[in-house]
Amino acid sequence: MRDVFIEIWESIRRNKLRTCLTGFAVAWGIFMLIVLLGAGNGIMNMANSNMEGINVNTMEVYGSTTSKPYGGFKQGRYIELDEQDIRLTAGPAFTDHIDDVSASLTQSGFKMTYGKRYFDITLDGVYPDFASLNQMEIVAGRFINPSDIKGMRKVLVITHQQARNFLGGKENYASLIGQRVKVGNLSFKIVGIRRSAENENDSIIYTPYTTLRGIFAKSDKIDMLSFTFHGLETEEQNEAFEKEYRQVMNRRHNAAPDDERAIWIFNNFTSFMQMNKGTHILEVFLWVIGIFTLLSGIVGVSNIMLITVKERTHEFGIRKAIGAGPWSVMKLIIAESVSITAFFGYIGMVLGMIACKVLDSTVGSKPLELFGESFTVMENPSVGLDVALEATILLIVAGTIAGMIPARKAARVKPIEALRAE
Amino acid sequence: MLIELKGVNKTYDNGQPLHVLKGIDLSIDRGEFVSIMGASGSGKSTLLNILGILDNYDTGEYWLDGRLIKDLSERQAADYRNRMIGFVFQSFNLIGFKTAVENVELPLFYQGVSRHKRHALAMEYLDRLGLTEWAKHYPNEMSGGQKQRVAIARALITHPQIILADEPTGALDSKTSVEVMDLLGQLNREEKVTLIVVTHESGVANCTDKIIHIKDGVIGEIEMNAQHNASAFGASTIMK
Numbered sequence: 001m002r003d004v005f006i007e008i009w010e011s012i013r014r015n016k017l018r019t020c021l022t023g024f025a026v027a028w029g030i031f032m033l034i035v036l037l038g039a040g041n042g043i044m045n046m047a048n049s050n051m052e053g054i055n056v057n058t059m060e061v062y063g064s065t066t067s068k069p070y071g072g073f074k075q076g077r078y079i080e081l082d083e084q085d086i087r088l089t090a091g092p093a094f095t096d097h098i099d100d101v102s103a104s105l106t107q108s109g110f111k112m113t114y115g116k117r118y119f120d121i122t123l124d125g126v127y128p129d130f131a132s133l134n135q136m137e138i139v140a141g142r143f144i145n146p147s148d149i150k151g152m153r154k155v156l157v158i159t160h161q162q163a164r165n166f167l168g169g170k171e172n173y174a175s176l177i178g179q180r181v182k183v184g185n186l187s188f189k190i191v192g193i194r195r196s197a198e199n200e201n202d203s204i205i206y207t208p209y210t211t212l213r214g215i216f217a218k219s220d221k222i223d224m225l226s227f228t229f230h231g232l233e234t235e236e237q238n239e240a241f242e243k244e245y246r247q248v249m250n251r252r253h254n255a256a257p258d259d260e261r262a263i264w265i266f267n268n269f270t271s272f273m274q275m276n277k278g279t280h281i282l283e284v285f286l287w288v289i290g291i292f293t294l295l296s297g298i299v300g301v302s303n304i305m306l307i308t309v310k311e312r313t314h315e316f317g318i319r320k321a322i323g324a325g326p327w328s329v330m331k332l333i334i335a336e337s338v339s340i341t342a343f344f345g346y347i348g349m350v351l352g353m354i355a356c357k358v359l360d361s362t363v364g365s366k367p368l369e370l371f372g373e374s375f376t377v378m379e380n381p382s383v384g385l386d387v388a389l390e391a392t393i394l395l396i397v398a399g400t401i402a403g404m405i406p407a408r409k410a411a412r413v414k415p416i417e418a419l420r421a422e
Numbered sequence: 001m002l003i004e005l006k007g008v009n010k011t012y013d014n015g016q017p018l019h020v021l022k023g024i025d026l027s028i029d030r031g032e033f034v035s036i037m038g039a040s041g042s043g044k045s046t047l048l049n050i051l052g053i054l055d056n057y058d059t060g061e062y063w064l065d066g067r068l069i070k071d072l073s074e075r076q077a078a079d080y081r082n083r084m085i086g087f088v089f090q091s092f093n094l095i096g097f098k099t100a101v102e103n104v105e106l107p108l109f110y111q112g113v114s115r116h117k118r119h120a121l122a123m124e125y126l127d128r129l130g131l132t133e134w135a136k137h138y139p140n141e142m143s144g145g146q147k148q149r150v151a152i153a154r155a156l157i158t159h160p161q162i163i164l165a166d167e168p169t170g171a172l173d174s175k176t177s178v179e180v181m182d183l184l185g186q187l188n189r190e191e192k193v194t195l196i197v198v199t200h201e202s203g204v205a206n207c208t209d210k211i212i213h214i215k216d217g218v219i220g221e222i223e224m225n226a227q228h229n230a231s232a233f234g235a236s237t238i239m240k
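Line order of the protein sequences matches chains A and B. The numbering of the first sequence is my numbering, which starts it at 1 and goes up by one. The numbering of the second sequence is my numbering, which starts it at 1 and goes up by one.
Hint data in this document are derived by calculation from the structure and do not stem from the laboratory. Keep in mind that a hint or two might mislead.
[What the hints assert, rightly or not] In silico DSS-like links for lysine-lysine, alpha-carbon gap of 30 Å or less:
#	chain 1	residue 1	chain 2	residue 2
1	A	Lys414	B	Lys70
2	B	Lys6	A	Lys414
3	B	Lys136	A	Lys310
4	A	Lys331	B	Lys98
Can you build the whole structure from these sequences, using the hints too?
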C-alpha cells in the first residue's frame, strides 16, 4: 500500500497545478454540500424547537361557517361550539381514541386593577393543558392546574409586561405571585406570570375555564375545544377519525355530515407529520443539489485522470512489459483519483464546517428583525458526524467512479501499443 | 528446448491485411546467445514481441519452458513476462521519474517482494554492472550506455529464462555499443543467461553465437557463429 501512495504522490507532484485546480472543484462541491446541509439542519432545528414541548397528540376544534345547505338551513351559517360539544366529544362515541377534552372561552371588556395601576384586559378561560399546547413560558409561579378547574378558583396568569408595570418597571416577578388584583368587582389571585411576545400586543390573561364560565359567561358557547388522543398512528387513520368526528359534530349542529367547513379541526399530529415530511423533502433536496454540485467536480477529476492516462501510456507500457497486470495499473489510477477527491474533499468539508460555524454565529444566534417581528431563522446550523461520515463515503465512491473509466482505459491498452506511444 | 515455435503466423489487419510472419518454426535452447537479423519490415520485431508475450499470434504454437503460450489472459501474460522474460529495449524504456535503483526494483515490486529486500537486490545488481554511484540518479542524468546497463540490470533481477534485446545498441555510439554487447556476451558465458538479440546490424549479430536470418516473414539461413567471424564485415566490429 505504501508503494502505491508513493507512486500517487510522485504522479501528483509532477502535475501540481492541474491537480489543485481539479481538486478545487471537488472541494467546492463538498463545501456546498456541507453548507447546504448545515443550513438545512439549522432550519430544521429551528422548526423542531418550535414544536418542542407541544403535545403532538392533540386536536383543536373551532366553529366555522357551513358550506352546504342542510336540514332546511342555508349555507354560510355560523356554527358555534358549546358545552354540549365537550360532552359529546368526551362521550362514548370516541372513547377509543380521545383521552382528555378541554375547552377555552374568551371574554373581553374587563378592567384589572392592582393598586393604582390598571389594564383593560381580555380573559381566556382555559384548561391546564393549554400551556403545553401553546408553548407557554412561565417566568414565575405556575399555570392553571386541575384543582383550579375543579374548585373554580379565582386565579390569574398574567403577562410579564403587565407584571413589570405592576412592579414599577422592576423584574422581581416572583414577588407578585399570590398578590390579589381586582377584575371588575371581584378579587383574583395571581398564580403565574408568563412571558409574552415583546413587541406583540399580547395581553391575554388566563383563568380557569370553569371560573370564567361560572362567573361571567352568559351562555354555554365555547371558543375552542381541544382534546388529546391516542391510537392514530398514520395519516389515513387520522383522516378517517377526523371524518367520523366531523360527521358526529356536524349532525349535532344540523350541518351536512360531509361538510368540511362547518367546523375547523387543527390536528397537531398530522401537521407535525407533515412538517417532518417537509423537512425530509428539504433534506433530500439539499443532498441532491449538493451531489450535483459535487458531480461537476467529479467529472473534472475523471477528465484529468483521462489526460493522466494518456500521458502515461508509454510508462504503463513499460510497466506491463516488466510484469504489471491490468489490475495493478487500474489500482494506480483509481487510487490516485480517490486520493485527489478524498484529500480535496476533506479540505472542502472542513471549510464547510467552518462556514457553518460562521453561519451559526451570525444568522443563527441573532433573531432577524422583519416587519417589526423578530424570529430566528436558524438554530445551530451544523452537520453531525453522521453527515461527515456519509460525505466521506460519498467522496470515496465518487473518486472510485471518477477513476474507473480512465483506469479501464489504461488497463485495456495493449502493452505493445502502449510501448509504441510517446 | 527452452523456446519452440511451430508454424507461427501473424497477420496485421490495418485496413488491408499484412501477413507479417508466415509460418515460423524455431527452436532455441537454454543458454544460447542468438541474434535475429533482418531488414526493417522483415518481421523480426513482430517475432520478438511474440516471443516476449507482448503480442499474440494467429496460428501455430509457441512453447516457452514447456508451457504453451496461447490465449493467455492479460494477468497471466503479465505474470509470465514478469517471471520468465527480461526486456532490453533500443530506447531503454526506463521510467523517467524513478531513480536507477527504483527502475531496477520495479519487476520485483510486481512480484510482491518486500521493499527492503528488493532494494537490497537492486543495489546488488547495479553494483555488478558498475552503477552503484548512479543508483540515486534519474535516467535523464545518465549517459546512453549507463541507461542501457540499468535496463539490463532491470531485466536480470528476476532471473528470467530469456532476455530479449530489441536493437539494444540502436541508440548508442559504437564504443558504448561494443561495451554493451561485451556485457551481454559475458552474462551469457558466465551466468548462462539465454539471450535473444534482434538487430539489423551485422556487427551486433556477429557478437552472438547463432544468427537467425529472417526475411519477408520466413526464417532463412541459420548461421552458426561460435567463432564470431560470420559476416563479411570482419570480426568484432560494430558498424555504425
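Kindly indicate which numbered hints from before are broken by the structure, ordering the numbers from low to high. Failing hints: none at all.
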